[in-house]
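Engineer: Sequence:
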Amino acid sequence: MEPIHRFLNSRTVRSLDLSELLLTELQRVDTESSGLPPLNRRLYLSLRTAILSGRITAGVQLPSTRDLARDLDVSRNTVMSAINQLTAEGYLTARQGSGTFVSDTLPDLGPLTPAARGRRSATDAPAESPCELSRRGALLTAQSGSADYEVQPFAPGAIEFAEFPVQVWQKLQAKYWRGVDRDLLDYGQKGGYMPLRAAVAQYLSLSRSVRVTPEQVLITSGTQQSIDLAARLLTDHDDEAWVENPGYWGATRALQAAGLRLRPIEVDAEGIAPSTADWQSKPRLIYVTPSHQYPLGHVMSLQRRRTLLRFAAQQRCWIFEDDYDSEFRFGGRPFASLQGLDTDAQVLYSGTFSKVMYPGIRLGYLVVPEHLLDAFKTGLYDLYRPGQLMLQAALTDFIAEGHLNTLIRRLRVAYQARRDELARRVQRCLGNRVAISGQESGLHLCLLFNPDYGDVDDEAIARAADAQGMTVRPLSRYYLGVPQQRGLILGYGYVPTERVPPWAQKLCELVRAQLPA
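Numbers 358 to 874, taken from our numbering, label the letters of the sequence shown in order.
Keep in mind that the hints were calculated from the coordinates and are not lab data. Be aware that one or more of the hints could be misleading.
[Claimed, not checked] The list that follows gives simulated cross-link-like pairs (lysine to aspartate or glutamate, EDC-like), each with its CA atoms no further than 20 Å apart:
1. Lys734 / Asp424
2. Lys528 / Asp731
3. Lys639 / Asp593
4. Lys547 / Glu572
5. Lys734 / Glu758
[What the hints assert, rightly or not] Label pairs and their in silico Cβ distance ranges:
6. Gln524 / Gly494: 55 to 65 Å
7. Gln660 / Ser460: 18 to 28 Å
8. Gln527 / Gly688: 46 to 56 Å
9. Ala670 / Asp625: 34 to 44 Å
10. Pro552 / Pro858: 19 to 29 Å
11. Ala531 / Asp595: 41 to 51 Å
12. Pro858 / Asp540: 27 to 37 Å
13. Gly788 / Ala670: 28 to 38 Å
14. Arg589 / Arg667: 42 to 52 Å
15. Ser410 / Pro716: 30 to 40 Å
16. Gly411 / Gly688: 19 to 29 Å
17. Gln527 / Ser632: 46 to 56 Å
18. Leu542 / Asp731: 40 to 50 Å
19. Arg618 / Gln527: 42 to 52 Å
Using N, Cα and C, we set each Cβ at its ideal position, and we do this for glycine too.
Modelling step: build the complete structure from the supplied sequences, incorporating the hints.
Structural biologist: Structure follows, in structure tokens:
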């Protein structure tokens, strides 16, 4: 093989040369690994090591995935999976029409050690690392909650952009830019654009039975910021917080970042289900998704809601209600919000426009008790400098002119058709090997594998789906500690209705191939 310095000086890497280097690295990874990772993971580690060690330098163009797959004698999907992961993490950059290049600026992560290669759960202690992250930072970044591509078939949380009235939205924004109001260019010290706060208050009062005045509504950059703000203002470091288990990873990350001790609370068909020991604890904050538990999709029963409210009043703790997708209810009896049942001003209610508009709008709302309003307005301004008043003004008109209600109605029809088709195809193909939960509302289904048929590696199924161009999430990743169930989270918001049958068939065939015989 030619000297290594040739890789350092060349601006392109020939496929055969890179294949020789990667084959050597693959052999080293195989030797050092205590358990043999999947081939796409081994290829990812090998290419990542070659980049970090300087054998392939910044700006170098990689061969095509087709050529690399041929020379390595592996499937193209295996190569694409490794390349996609490195691109998502910032090691590679894809340039439209030009190819794939090693990034000029690489993440400062250092080579992976054999001990760190395995996936760690959110509760594992972070391993020693040459980077200078704090223990909290290492814990928060030990596992990413995002996928390589959010916008592809069955990606949880993704929504269909084709229904969004882009031209209407452009005109509304252009109106404010043509006659610029200087006040709309400021940070926004008062909790957000008041006409938008009033519109949100009216909507929540009518549709979700939230007890709210416009002054109680704060406009945030979304659910993550709302959780972070509540945790910072209502809790102290090392306070206990209850979280649903399995639960929303984003809430877990935000609460961990605030220095809280998380107490995972099991979930049953009626929502969060504290044990006798749980009821004896003293949480400072309780995070729940009562209208559509994430990810299992259960709706908290009225009795469970009242019990939780009584407990919070007795313990003088706060409840954070995340009502992230209540706009999309397709069946079943609707329940009023938890906040609407609260008589002790102990519930903070959060929602987002990302599910009904588009994710990148980064606008949400937080309803706080009146006696906390001044403190939360101060905290929102001092900690985040929110701004985006011009965007908020356009959104106000979007709501006032009826465009939001029209969009929601159209999306409900489209999403219900996709949900029905996806559930029907999955049930027909997999039968009693799976149970489907979360069908009454939302943008995703949860497939629960029947343990009577043996253990199922949902992580392996997710990796196999990724190689086929689909994003599904393994249910086991949503647990703190040992997973109690295995399954898959399937988002149907992005899949066009006519494409659900072929994609569902492909997924079912893939799942059947992975299930125990």
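Engineer: Quick check: which numbered hints come out false for this structure?
Structural biologist: 1, 2, 5, 6, 7, 8, 9, 10, 12, 13, 14, 16, 18
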